[in-house]
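2 protein chains.
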Amino acid sequence: MPRRKLPLSKVYAVLESGPVVLVTTARRGRPNVMALSWLTMMDFEPPLIGLVMSDRNHSFAALKATRECVLNVPTIEIADNAVACGNASGARVDKFAAFGLTPLSASQVRAPLIRECPVNIECRVTDMRMVRRYDLFVLQAVAAWKVSGSGELKTLHHLGGDRFMVAGPVVRLRSKAK
Amino acid sequence: MPRRKLPLSKVYAVLESGPVVLVTTARRGRPNVMALSWLTMMDFEPPLIGLVMSDRNHSFAALKATRECVLNVPTIEIADNAVACGNASGARVDKFAAFGLTPLSASQVRAPLIRECPVNIECRVTDMRMVRRYDLFVLQAVAAWKVSGSGELKTLHHLGGDRFMVAGPVVRLRSKAK
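Residue numbers (the numbering used here), protein chains in the order written: chain A, 491 to 668; chain B, 491 to 668.
Okay, chain A solo, but in the shape it has when bound (with noise of 0.2 Å):
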């Protein structure tokens, strides 16, 4: 199925839910693969993340020298791939082919899409003078793409340890939210 431009408007609506996402990087041509939960939006639009990642991840110096990312929004078909990611350092393993993912090239960045991720979010790093202190990177989503077709995401949401909540029925409640 293709893959099509999502709005920028609508990222929010893809992250706030909370769901494991796969942050890839690219650092001298060298694509990089990590699973993280640790983020949050900080704005609507244009698209503000806060991405809290530590500095034990061989991903945190990609990050930090290139400023660029993807967020790659994994879901309960290839949960096995994901958390693999996990569990091996990009400093050994190459984990795109070592986990069957593979790397897509983006639009406004050199980190890779996912092909396997029926959601990507293309970013920049706007702030980084939280890292020091909280590991925390601000992120701009510059481009976003979604598989058409792909539906309601059975996204991973993790319970700590090797326990994840799998997406569940969607309901709709009188909310006046956004």
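Certain hints may be false.
Identical chains share a label here; the pair holds if one copy fits it or two copies do between them.
Said to hold, decoys possible - Within a straight-line C-alpha distance of at most 16 Å, the following computed EDC-like cross-link-like pairs (lysine to aspartate or glutamate) qualify:
(1) LYS666 to ASP570
(2) LYS500 to ASP652
(3) LYS500 to GLU606
(4) LYS644 to GLU567
Hints in this document: simulated from the structure, not taken from any laboratory.
Position chain B relative to chain A; hints supplied.
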């Protein structure tokens, strides 16, 4: 069912899945509550939480002045009440009375726990330097509570507008993550 202490080391496992929370504050003896989805874990222990609250909310001034709040985690059982909180302003309405929520005394802060929420996390604001630019408060959890026997929580996860995902099945995946 009794409400028991939840170890602070377990707080991240409740919040990192991205549930909607009801944030309670209290100022000049008057409690208030609002619904919010924009938060992320920032550290495990002591648990640090980054919370984005727009200054358009009545709760904003109370949080800034008192530097205390409680994050209460609602479930599908009280979804209508939780969402109703987000539709009204504490400037005009006593939202506890209006929406059938019961305030209980907290142990460390003046903001109340909400009886109808199975998890309550008492927090103090520890850093307001990112408030002016990003509406971002850094909170430290100082006490937490969980209703015994509440099982897997059917938390709510905002998908934008009036759409909410209800927590689905829990799976175990071979993750080395904490």
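Verification of the hints:
In this assembly of identical chains, LYS666 and ASP570 lie within 16 Å of each other by CA distance solely across copies; the values are 12 Å between and 37 Å within a copy. With identical chains, the CA atoms of LYS500 and ASP652 are at most 16 Å apart between copies only, with a shortest distance of 14 Å across copies and 30 Å within one. With identical chains, the CA atoms of LYS500 and GLU606 are never at most 16 Å apart, being 20 Å at best within one copy and 32 Å at best between copies. In this homomeric assembly, LYS644 and GLU567 come within 16 Å of each other (Cα to Cα) only inside a single copy, at 8 Å, whereas the closest approach across copies is 22 Å.
Hint check: a violation occurs at hint 3 only; the rest are consistent with the structure.
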